[in-house]
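As they're listed, the protein sequences go chains A and B. Using the working numbering, read the first sequence as starting at 1 and increasing by one per residue. Using the working numbering, read the second sequence as starting at 1 and increasing by one per residue.
Keep in mind that the hints are not guaranteed to be accurate.
[Said to hold, decoys possible] Simulated coverage check for chain B against chain A, where a stretch passes if three residues somewhere in it have a Cβ under 8 Å from a Cβ of chain A:
| hint | segment |
| --- | --- |
| 1 | 4-16 |
| 2 | 68-82 |
[Unchecked claim] Residues of chain A clear of chain B, computed beta-carbon distances all greater than 12 Å:
| hint | residue |
| --- | --- |
| 3 | Arg31 |
| 4 | Val35 |
| 5 | Gln41 |
| 6 | Phe47 |
| 7 | Tyr58 |
| 8 | Met109 |
| 9 | Ile110 |
| 10 | Val114 |
Read the hints as simulated data drawn from the structure, not as lab findings. Think of the CB as a built atom: it goes at the ideal place given N, C-alpha and C, for glycine as much as any other residue.
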Amino acid sequence: MVGIVIALVMMNILLLTLTGKYSASLGGLGRGTMVIISPLQESLTVFVQSVKLIWYQYFFLVSTAEENRELKKMLAESRLRFSQYDEARIANARLRQLLDFEETTPLPMIAAQVVGKDPSHWSKTLILDKGTVHGVHHGFPVVVPDGIVGMVIDASGHFSKILLLTDPNSAVDALVQKTRVRGIVKGSGKNICTFDYALRKFDVDVGDVVVSSGLDGVFPKGLKVGRISDVTRMDAGIFQHIEVAPDVDFDILEEVFIVTASSLPEFSETP
Amino acid sequence: MRTLFLFIICLLLILFQTTLLAGGDRTWLYDLMGPYAVYLAIRQRHEHAVPVIVLGGIIMDGLSGGIFGMYLSIYLWMYAGVRQVIKYFHAENILIVMILIFLCVSFESAAIAFSVLVLTPVIGPAERLLPIVGKQVFWGTVTGPFLLFLLVRCDRLAHSMEKRHFTDRYVLGKR
Numbered sequence: 001m002v003g004i005v006i007a008l009v010m011m012n013i014l015l016l017t018l019t020g021k022y023s024a025s026l027g028g029l030g031r032g033t034m035v036i037i038s039p040l041q042e043s044l045t046v047f048v049q050s051v052k053l054i055w056y057q058y059f060f061l062v063s064t065a066e067e068n069r070e071l072k073k074m075l076a077e078s079r080l081r082f083s084q085y086d087e088a089r090i091a092n093a094r095l096r097q098l099l100d101f102e103e104t105t106p107l108p109m110i111a112a113q114v115v116g117k118d119p120s121h122w123s124k125t126l127i128l129d130k131g132t133v134h135g136v137h138h139g140f141p142v143v144v145p146d147g148i149v150g151m152v153i154d155a156s157g158h159f160s161k162i163l164l165l166t167d168p169n170s171a172v173d174a175l176v177q178k179t180r181v182r183g184i185v186k187g188s189g190k191n192i193c194t195f196d197y198a199l200r201k202f203d204v205d206v207g208d209v210v211v212s213s214g215l216d217g218v219f220p221k222g223l224k225v226g227r228i229s230d231v232t233r234m235d236a237g238i239f240q241h242i243e244v245a246p247d248v249d250f251d252i253l254e255e256v257f258i259v260t261a262s263s264l265p266e267f268s269e270t271p
Numbered sequence: 001m002r003t004l005f006l007f008i009i010c011l012l013l014i015l016f017q018t019t020l021l022a023g024g025d026r027t028w029l030y031d032l033m034g035p036y037a038v039y040l041a042i043r044q045r046h047e048h049a050v051p052v053i054v055l056g057g058i059i060m061d062g063l064s065g066g067i068f069g070m071y072l073s074i075y076l077w078m079y080a081g082v083r084q085v086i087k088y089f090h091a092e093n094i095l096i097v098m099i100l101i102f103l104c105v106s107f108e109s110a111a112i113a114f115s116v117l118v119l120t121p122v123i124g125p126a127e128r129l130l131p132i133v134g135k136q137v138f139w140g141t142v143t144g145p146f147l148l149f150l151l152v153r154c155d156r157l158a159h160s161m162e163k164r165h166f167t168d169r170y171v172l173g174k175r
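Can you make the complete structure from the sequences, with help from the hints?
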């Protein structure tokens, strides 16, 4: 019995090692899952957002109106109107920013909405509502006006999975904008990335902007990655330890842009 | 019918944790499928539970960014382990249920953390992962039995509805 269990464990580890190494062969199964589950995730997300909207904009105001009906009614109306204006103003600003970004960007991009998030804390992925029928394929970069979000790692007909910049498996070839020091920005699993392979002799300061170099063939040159948040120069070693804080807030991402270009021109770098 | 019911519950749990719960810095968030696997192992028959475990594992693997097959393997091992344990212990005992959930959540968190550690060298020292695993195990052990209790109640409700439905049909048929 014990022998059988040990054999099964060994076989399981071997199979997982193989699937980890040759993940493409099982991509179909993963995509199949996405095709079935992601529409449900999308519906649930939309439903919950609608319920939240109704709750905050209607029921909450109705329940408070019971205390002083007339006064509260007026207050409720003003609040509702204010809330709608405020929501419209925020949405307007956000969409305007997205639109400006889309218009000033020399790349063909499509907007996508986040419909699902990674079930595990250990890997950082998102499910988007655009897939191969919209022209999205594996390896396409995903961006927002604040900078790089990640890249598409799997795509089904109407949905795609993206690996975030903060995932430990993510890497972007990058430059420090001011000094042109080159390195690789890697995810750490937290909301901070590391900037590896920057030689000690180069001058790098906290607050310096880090942009993509375009040399990895995935992300266009000049896209903002983040700002340097910590620099440690140790006595030994040829590299310095640098941490980069991405400007993108990955926790509140709702809309993103998928760059659908096969050839990637440069972005105009803006400090 | 029963398998379908169990699969729908499984699907609801997965949707709940990948849309409403996921996101942010919720490191305490453990996989709800862990307690569900315990529930399936102690309350359901093989022919109903195994397909649900397999489908649930495949769905979680498809949605997750980790190694494909990781969740499937973990669920199957948890299921097999719990089935073995309840051969020797009384599965209705709340203490046994709590211990089983504790073991399963610990096993799952540790296995996934280990895979992350092995596959991604940039993740840093292993000590960094311990508080996260600890939090997940704690919350799993504290809230897992309540989830299991809820699942048992749902199951009883569905069972009584199913029984009433078939009894009515039988009585009407006699008439």
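The hints, checked one at a time:
no., hint, result
1, 4-16, "holds (count 3)"
2, 68-82, "holds (count 5)"
3, Arg31, "8 Å, violated"
4, Val35, "9 Å, violated"
5, Gln41, "5 Å, violated"
6, Phe47, "9 Å, violated"
7, Tyr58, "21 Å, holds"
8, Met109, "23 Å, holds"
9, Ile110, "22 Å, holds"
10, Val114, "9 Å, violated"
Hint violations for this structure: numbers 3, 4, 5, 6, 10, all remaining hints satisfied.
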